[in-house]
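Novice: Each chain is listed here by its residues.
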Amino acid sequence: MPEDDAIRCDACPVLCYIKPGRTGACDRYANDNGQLVRIDPHVVLDRAMSRGDSVVPFLDRDREWDGTIVTSPENFVTAIGAGTTYPDYKPAPFIISSTVQGVDMVTVVTEGIFSYCGVKVKIDTDRHLGPETNLVRSQGEPVGHVTTSEYGSQMLSLGGVRHLTGGSRKEGTVTCETLLNLCDRKPVELTIDDGAKVLVQAGKPPVVDGTQEERMRVGCGSATIGMFAKQWLGKVDEVVVVDDHITGVLSEHQAGKLLGVRETGIKMKGHRSTPGRYFRVAEPGTAWGGTNIADPLSILQNFNPKIAWPKLRLFMVSTTGEHHAYFELDESLRPVEKELPVLLSESVARIKENCEPALCTVLFMGGAGGSLRAGVTENPVRLTHSVRDALTRVTCGGAPVYVWPGGGITFMVDVTRMPEHAFGYVPTPALVAPIEFTLKVKDYAALGGYMEHVRSLDSILDGKGRRRLSANPDNPWPLAPGKSPRPDPRSDQ
Amino acid sequence: MRMRAQVRLLEDGRRLHLHDGPIDLIAEAFGETTEVEAAYRAAAERFVNVLDELCSELTFLRRATRTDGPLPSRTIARRMVAAVMPYCERTFITPMAAVAGAVAEEILGTMTAAGRFSRAYVNDGGDIALHLAPGEHYVVGMVERPDRPSLFGTATLDSAQPVRGIATSGWRGRSFSLGIADAVTVLADRAAMADAAATIIANAVDLPGHPSVVRLPACLLAPDSDLGDRFVTQGVGKLSSAEITAALDAGAAVAHSLLADGLICSAALHLRGNTRVVGREQLSTFGRLENLELGWSSASALH
Numbered sequence: 000m001p002e003d004d005a006i007r008c009d010a011c012p013v014l015c016y017i018k019p020g021r022t023g024a025c026d027r028y029a030n031d032n033g034q035l036v037r038i039d040p041h042v043v044l045d046r047a048m049s050r051g052d053s054v055v056p057f058l059d060r061d062r063e064w065d066g067t068i069v070t071s072p073e074n075f076v077t078a079i080g081a082g083t084t085y086p087d088y089k090p091a092p093f094i095i096s097s098t099v100q101g102v103d104m105v106t107v108v109t110e111g112i113f114s115y116c117g118v119k120v121k122i123d124t125d126r127h128l129g130p131e132t133n134l135v136r137s138q139g140e141p142v143g144h145v146t147t148s149e150y151g152s153q154m155l156s157l158g159g160v161r162h163l164t165g166g167s168r169k170e171g172t173v174t175c176e177t178l179l180n181l182c183d184r185k186p187v188e189l190t191i192d193d194g195a196k197v198l199v200q201a202g203k204p205p206v207v208d209g210t211q212e213e214r215m216r217v218g219c220g221s222a223t224i225g226m227f228a229k230q231w232l233g234k235v236d237e238v239v240v241v242d243d244h245i246t247g248v249l250s251e252h253q254a255g256k257l258l259g260v261r262e263t264g265i266k267m268k269g270h271r272s273t274p275g276r277y278f279r280v281a282e283p284g285t286a287w288g289g290t291n292i293a294d295p296l297s298i299l300q301n302f303n304p305k306i307a308w309p310k311l312r313l314f315m316v317s318t319t320g321e322h323h324a325y326f327e328l329d330e331s332l333r334p335v336e337k338e339l340p341v342l343l344s345e346s347v348a349r350i351k352e353n354c355e356p357a358l359c360t361v362l363f364m365g366g367a368g369g370s371l372r373a374g375v376t377e378n379p380v381r382l383t384h385s386v387r388d389a390l391t392r393v394t395c396g397g398a399p400v401y402v403w404p405g406g407g408i409t410f411m412v413d414v415t416r417m418p419e420h421a422f423g424y425v426p427t428p429a430l431v432a433p434i435e436f437t438l439k440v441k442d443y444a445a446l447g448g449y450m451e452h453v454r455s456l457d458s459i460l461d462g463k464g465r466r467r468l469s470a471n472p473d474n475p476w477p478l479a480p481g482k483s484p485r486p487d488p489r490s491d492q
Numbered sequence: 000m001r002m003r004a005q006v007r008l009l010e011d012g013r014r015l016h017l018h019d020g021p022i023d024l025i026a027e028a029f030g031e032t033t034e035v036e037a038a039y040r041a042a043a044e045r046f047v048n049v050l051d052e053l054c055s056e057l058t059f060l061r062r063a064t065r066t067d068g069p070l071p072s073r074t075i076a077r078r079m080v081a082a083v084m085p086y087c088e089r090t091f092i093t094p095m096a097a098v099a100g101a102v103a104e105e106i107l108g109t110m111t112a113a114g115r116f117s118r119a120y121v122n123d124g125g126d127i128a129l130h131l132a133p134g135e136h137y138v139v140g141m142v143e144r145p146d147r148p149s150l151f152g153t154a155t156l157d158s159a160q161p162v163r164g165i166a167t168s169g170w171r172g173r174s175f176s177l178g179i180a181d182a183v184t185v186l187a188d189r190a191a192m193a194d195a196a197a198t199i200i201a202n203a204v205d206l207p208g209h210p211s212v213v214r215l216p217a218c219l220l221a222p223d224s225d226l227g228d229r230f231v232t233q234g235v236g237k238l239s240s241a242e243i244t245a246a247l248d249a250g251a252a253v254a255h256s257l258l259a260d261g262l263i264c265s266a267a268l269h270l271r272g273n274t275r276v277v278g279r280e281q282l283s284t285f286g287r288l289e290n291l292e293l294g295w296s297s298a299s300a301l302h
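Going down the list, the protein sequences come from chains A and B. Taken in order, the first sequence gives residues 0 to 492; the numbers are from numbering that gives the first Met the number 0. Taken in order, the second sequence gives residues 0 to 302; the numbers are from numbering that gives the first Met the number 0.
Hints in this document: simulated from the structure, not taken from any laboratory. Keep in mind the model is a prediction, meaning the values are calculated, not measured. A hint or two may mislead.
[Unchecked claim] Residues from chain A that keep clear of chain B, each with C-beta distances beyond 10 Å, as calculated:
(1) Ala5
(2) Ala10
(3) Pro12
(4) Arg21
(5) His144
(6) Met267
(7) Glu327
(8) Ser331
(9) Glu355
(10) His420
[Said to hold, decoys possible] Residues from chain B that face chain A, not an exhaustive set, calculated with beta carbons under 7 Å:
(11) Gly20
(12) Pro21
(13) Glu52
(14) Cys54
(15) Glu56
(16) Pro222
[As the list claims (entries may be wrong)] Looking from chain A toward chain B, a few residues come up when the C-beta cut is under 8 Å (computed):
(17) Cys11
(18) Asp26
(19) Tyr115
Just so it is clear, CB atoms sit at the ideal spot from N, CA and C, and this is done for glycine as well.
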């Protein structure tokens with residue numbers, strides 16, 4: 000039977016007993032002084048590869064001069080696979096020096112074990128996913144909750160310490176697995192209490208109750224009226240843009256009035272907000288314009304016979320153009336569905352064209368805690384100050400991060416900008432995420448850095464177990480000179 | 000944790016990478032795209048259950064095999080037991096000696112059942128199961144030290160020969176070895192057979208009691224090793240050329256007896272830059288590496 004100093008790894012069902020300083024059967028998990036750590040190959044980003052020089056010799060010292068006057072190092076060592084020294088108060092696994100335009104830089108790389116972490120998920124959809132604050136479940140376990148609706152999107156907040164370690168063992172394990180899969184850009188099925196079932200995958204369209212979301216709405220119903228009123232003029236007498244938020248009616252809307260659109264005697268259900276704008280014409284749902292209606296006529300009352308006329312042309316469309324119908328009033332002023340005229344189908348196409356592709360976006364959010372910072376400097380708070388003062392650049396697997404203002408180093412990163420398989424987990428359960436701090440050597444010394452542990456970039460590149468990846472060309476190069484460490488997430492808005 | 004298994008195509012868009020716990024496979028099939036896709040899907044569906052299946056019988060699979068012992072219930076475990084059975088009367092061996100080859104065989108079988116291919120292979124960390132349609136061939140490169148990949152020889156395998164399995168064993172590899180061979184590469188009819196035979200021959204390349212060989216009880220290094228308190232090689236110091244010859248002689252004698260019993264087709268034994276080949280002509284130790292199509296840094300490279 001195992002002796003006292005062996006630990007049992009529960010990362011897979013082999014359940015190895017691992018002695019200190021040794022790895023399990025997989026060579027990926029190891030016992031580091033009694034702590035189970037992941038020791039995947041260490042990822043080195045190669046800038047040249049991202050430029051399309053697919054195979055450059057590793058550390059080719061004889062490379063011909065390419066005409067540039069200054070170069071920044073072509074390799075950036077990420078923290079992926081670097082391991083961690085948690086929970087010991089000792090230097091980070093790798094502290095690497097390099098020279099950037101004549102300035103000596105140092106990058107401290109470590110993998111953080113984040114019990115306090117989660118993901119923020121933005122799902123581009125107008126469909127109703129579930130009431131705010133309701134639980135989001137994975138495999139039946141609560142892993143997070145529905146938070147605010149944003150313009151054309153629904154936000155979910157998943158993970159966090161309460162689900163990871165505050166609930167049952169199963170809740171923690173499933174939460175950890177869900178976060179890991181989302182961060183690894185794998186598809187994850189989530190169900191929302193009293194709501195929808197959503198298939199979420201970073202960078203891919205959401206699938207809501209089995210229907211893949213194609214496009215975001217072009218605007219709310221009222222905005223859509225405003226955007227397209229001129230194009231409808233003369234082609235149709237009345238337009239209703241069905242929307243869960245604000246349904247727009249052309250003839251009553253300010254835009255219609257300005258264009259001299261004649262009154263039609265239409266009567267809507269729901270609450271009129273301002274002329275031509277209606278709240279709550281139906282309940283939220285996954286049908287027309289994020290409502291629960293399958294038959295658009297169900298939101299209309301009878302036309303006013305004093306104003307309406309036979310043959311009146313009525314066009315109803317959702318805010319994405321996905322649903323649409325065309326009617327003409329008969330002699331008794333009842334709408335009868337007719338084939339959509341070509342001129343209006345062009346308008347449907349235009350609405351669709353103006354809707355951006357619907358995506359799921361996943362931002363990992365974690366806080367670099369005390370012991371992680373202690374691996375960088377003997378005086379951890381100075382690292383926080385240094386990040387605040389924009390002297391230290393924080394990256395996550397080489398990807399730029401947004402650092403929250405306020406205390407601590409709480410950051411968010413778009414997982415699609417990170418290398419694949421950048422995350423891991425420990426059975427605590429907690430996520431393992433890479434984090435790198437890059438700063439000038441003199442600043443590092445000033446904040447009490449472990450100067451005696453600084454190694455040269457070359458010594459790292461020469462080592463074994465390095466996984467060389469091409470850098471993401473959309474990311475700023477982590478070692479690029481300049482003072483831009485502060486929040487610079489790619490703006491999607 | 001569920002959903003541990005990773006299934007993905009490698010960056011070349013052609014090879015399938017399957018990973019779960021200690022199992023790491025690379026598979027490739029050559030054929031019509033729709034058939035390749037079907038085969039990869041079938042392989043992935045089979046693969047996600049492999050580790051749980053093996054672990055459900057792990058205690059049994061870590062015990063010494065006996066000819067009169069019980070048979071396991073699952074197919075991969077049965078392949079493992081069948082592969083080590085021929086050795087269990089002459090020496091200590093557990094089914095784990097054939098686990099990599101048996102997994103490779105199982106996944107290859109799943110793939111070839113799902114489509115028609117000119118060639119296909121599944122490489123489980125250097126233990127390789129092959130499929131060759133009539134008239135097809137492979138060139139295999141052999142690596143002396145997995146930690147320092149460089150080819151020391153090649154083998155050409157064509158469909159007319161019975162070889163459908165390749166395996167490499169040595170003390171520097173991921174599994175423990177009782178011997179001192181840097182690498183023993185075996186060609187056999189099937190991957191699990193090759194895997195077991197490579198283990199047996201690598202154990203036999205040895206200098207018992209030699210002071211330069213560092214050996215430690217397996218259980219001291221890995222408490223749950225199937226080798227228990229048997230001494231496994233952890234380091235090899237200076238050896239004279241006479242000692243290298245003696246160690247290779249000992250291994251070659253075992254290899255010859257396995258050849259005579261029809262358990263292997265060929266073996267290449269490697270120690271300190273010296274290579275001994277036993278068996279048919281397929282192993283060209285200093286063959287030229289022409290027309291190489293593939294390569295990787297496992298214990299064997301396949302082309």
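Novice: Now tell me if each hint is right for this structure.
Specialist: Consistency of the hints with the structure:
no.	hint	verdict
1	Ala5	violated, 5 Å
2	Ala10	violated, 7 Å
3	Pro12	violated, 4 Å
4	Arg21	violated, 6 Å
5	His144	holds, 22 Å
6	Met267	holds, 48 Å
7	Glu327	holds, 48 Å
8	Ser331	holds, 57 Å
9	Glu355	holds, 28 Å
10	His420	violated, 8 Å
11	Gly20	holds, 3 Å
12	Pro21	holds, 4 Å
13	Glu52	violated, 10 Å
14	Cys54	holds, 4 Å
15	Glu56	violated, 11 Å
16	Pro222	holds, 4 Å
17	Cys11	holds, 3 Å
18	Asp26	holds, 6 Å
19	Tyr115	violated, 20 Å
Going down the numbered hints, you'll see the structure goes against 1, 2, 3, 4, 10, 13, 15 and 19, while the others check out.
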